[in-house]
Amino acid sequence: MVEPGAERVGTVAPFIRIEGVGKRFGSFRAVENVNLTIDRGEIFSLLGGSGCGKTTLLRMLAGFEMPTEGRIFIDGQDMAGIPAYERPVNMMFQSYALFPHMSVAKNVGYGLKHEPMTGPQRADRVREMLDLVQLGPYAERRPHQISGGQRQRVALARALARAPKLLLLDEPLAALDKKLREHTQFELMNIQEKTGVTFVVVTHDQEEAMILSSRVAVMDKGRIRQVGSPTEVYEYPASRFVADFIGQATFFDGVVRSVEGPVAGVEVGALGLEVQARAVPGLVAGQAVTMALRPEKIEIMRERPEGPNVVAGAVEDLGYFGNHSIYKVRLPGGEILSVLSANARRVGESGRVAVWEDSVWMRFDPAAVILLTE
Amino acid sequence: MPGSDLAPPSGPTDSPRQDGPREGPHEGPVARWFNRRGWSDLITGIPFFWLFFFFLIPFVIVVAMSFATRSPTSPPFSFGLDGGLLDFRSYARLFSDQLYIRALGISLWMAALSTVLCLLIGYPMALALTRLSPSVRTIMLMLVILPFWTSFLLRVYAWMGLMGTNSWFNRGLTALYNMVVPADWALRSIQMMNTNFAVVVVMVYSYLPFMVLPLYANLERLDMTLNEAAEDLGSRPWQVFRDVTLPLSIPGIIAGGLLVFIPVSGELVVPGLVGNPSNPMIGRVISDEFASARDWPMAATVAVALLVLLVGPMMAYSHFENRAQTRREEAP
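Quick note, the sequences are listed as chains U and Y, same order. Under the numbering used here, the first residue of the first sequence carries the number 23, and numbering increases by one thereafter. Under the numbering used here, the first residue of the second sequence carries the number 61, and numbering increases by one thereafter.
Bound conformation, chain Y alone:
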């Protein structure tokens, strides 16, 4: 064992080179394994362990459940009640009952709208953040993150207060509206609560930081001399943005877009509190199937359908990221 026969602590000058890891003389096999391989195995093993138990297994259960039959048992589903092991009736209902397709459509539409609005508001914010002096930038970034420190529900309730028919906000908007439109069409208040408008407003408000932060991280890394080079070659500021900044920030746009789109499309709380109960979004539908209808197989089927719809863009994103990664690695 190298080093075991050396005299106790000797300076680097009088000891010959020590190759390999230093091992104590009384090291057991477990300790040796840990030093050689265990440490790296453990580190890489944690995410596998986590994903296996908290993602893969629950996912398999949900998929299995979607092929089960509803039954008055506990839990309220069982397999093989009507002959065949798998029951495809939930999937048949998914396509035949207008409710599900419509809810999926509304959800994806609201998510797309919220994502685009987040991008339109978030991009200039992120760009402005990169142009600030470091001290001001830290404060501004804090302000972007600050809302996370107060309860999400509390913030939604605050919006409910603002949008209610008797709030100063609503009255102010109504007054503005009445100033612009002819007196015949004057309103006493604007109906904001329980509309899709309210859902989009609150979603954009809630998820804006998820757009701003990845965009900021991307834009902040861009080399400012590229902008100068483009300007030097005759491009006006807006052309510099179009030719250099925008194309180089696409990874940030995709990252931010997915971080907004995916949670918004499955959102339950916001539409439940401020949305129109007669056009439920898909989160509401799943929740109702589980809780009120106690049709777990149907709920699982809708969940699987939503997942399939969301995995598409996610796969596209990871494909894009991988390509960008290989491109970076190819660089000498």
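With the rest of the complex left out, here is chain U:
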């Protein structure tokens, strides 16, 4: 047990500590045994499909749901039994939940009613927040008189107005169209940098999580499957689930034949060769593993290249995306391998690497192979 207040002494004391938190609705376990620490000033994402428990976890941080087990500390303070209206936490709702009967300025100023401030101070703060999200001229509009992107920014300004210690964002970009979403992602990051508030973001969109966050927690069936930086969870997934959920990957079953220093030889039946792969700790010969290959880590060419990890195949399907193309290549064993090839040069009708039914060669680096022992 850590004594109350002891967290503040060490510089490494986490800002948010979630200890063995679980939530049950009747017999359904929405969240199970979640342990997490989040540092001050982080943008932390909870990533997962629908029903994975990410929203329930967010609502427990906000105080709308109380954990059935475990404890949540925010800035050293135990949140047990503290209602939402007393927490130093504000939330930006997925639907934005703007009050339709109040102007933009009244919406932003709503939370300030409960702060010990004078009228002019409140008005200044509202103006400051509206300027932060560049909505100054819209102060007197009603929510239905502004666009979806503007409403999103009103919601953000309203949630930040009380200077919360923690800002929760529930699918902040889901309701925006693609172009606006890209723009808003960077705006969110800028605002986070300016205000220094810790953000916890719930999202089902892996790209959104990757771009926004300093760290990502991948959730499935109420449990956290992996926590790490975007690079870690993408390049070094801990399980097949994470490798599959984040980005694309083709999976092969294999057996470890040899481990020599940093390189492991893995026999993969479907490829008909012993793949050279970067070894992971604890790997032993004879062990069954799953190998994952990301499409962009594979080179595709017409001539047989030199070196290890070379496979032959025939192009089964081809998708042209403009900046890149995706090849679905049928391997001799019948499996389909996805390969992504950047269209670095301008593609003419005959300028592609390969078209349907062409025989091709593929090569991948040993360091690009993801070995999963789980």
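Note that these hints are calculated values from the structure, not bench results. Bear in mind that the values here come from a model prediction, so they are computed numbers and not experimental data. Glycine residues also receive a C-beta, built at the ideal position from the N, C-alpha and C atoms. Among these hints, one or two may not hold up.
Between beta-carbon pairs, the in silico distance windows are [stated by the list, open to error]:
(1) Y/Trp209 with U/Ile104: 27 to 37 Å
(2) Y/Tyr377 with U/Arg163: 20 to 30 Å
(3) U/Leu202 with Y/Phe119: 54 to 64 Å
Go by the hints and put chain Y onto chain U.
Using the frame of chain U, we list chain Y on its own:
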């Protein structure tokens, strides 16, 4: 005619696109008219037809009657008996005879009181209904509507039984009263029947569903995340209610209020059965003028006066609704 030269039923894959409505080859002009415009004309025409024959014409007759002169004919009024075509004496009496003004005043007061009480009882009921689980909610809504399935008169008679001086209800209330007040003022029974109190009790009881249902429909549509947003921004539950739920339920309050206020102010049966006969409400006055006094012009005049008093709030309501409607439509 498109489609008439096509071979009989062909699948969508081998027939070219068919534009416009499909018409049979032997369609007569009436059928064609019906398909083109008639259907929508008919649908929109029904309410116009209904309102014209069952509201506008009777209303014009009543207004005309209010300017007629009472006469010993059948029907008992005629026009132009004393020179001028229109007779304004009924209106003069409306303002000079205390009876009418007083009856109107009592009616509006009772209606206002009943409406406020219905709101105070109905609002928490409607709010509670929205918070129930769907299965329980269905049962509770059924219970709100259930009284409509028994005769209105029967329910009023039941109240008469309850409020009579010898009922268990009255005796119980009397006993409670006697426990609280000094023995000198002890009562043998409480006079409930034939009082305004009885009228209000029965009116509130009878018209409560008309308050609860529109309020429920309004409150049920409100987005619960707005409440969470307000709570998240530091508002305690009662502040959330004051700042979010209450202002957003004003349309429901107005709708329910009018549905109670308007029928209660013209109510005839309840005051007739349980009310005080010496302060008649306006419904009673109109009925008496028509039936006992056979002064149809006076009855029509009082009816017109009541209508004018009620149209005011109704116009205000429709104005409010229109504004809310435009506001909703403005939303992108």
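Here's how the hints hold up against the structure:
no.: 1; hint: Y/Trp209 with U/Ile104: 27 to 37 Å; verdict: violated, 48 Å
no.: 2; hint: Y/Tyr377 with U/Arg163: 20 to 30 Å; verdict: holds, 27 Å
no.: 3; hint: U/Leu202 with Y/Phe119: 54 to 64 Å; verdict: holds, 55 Å
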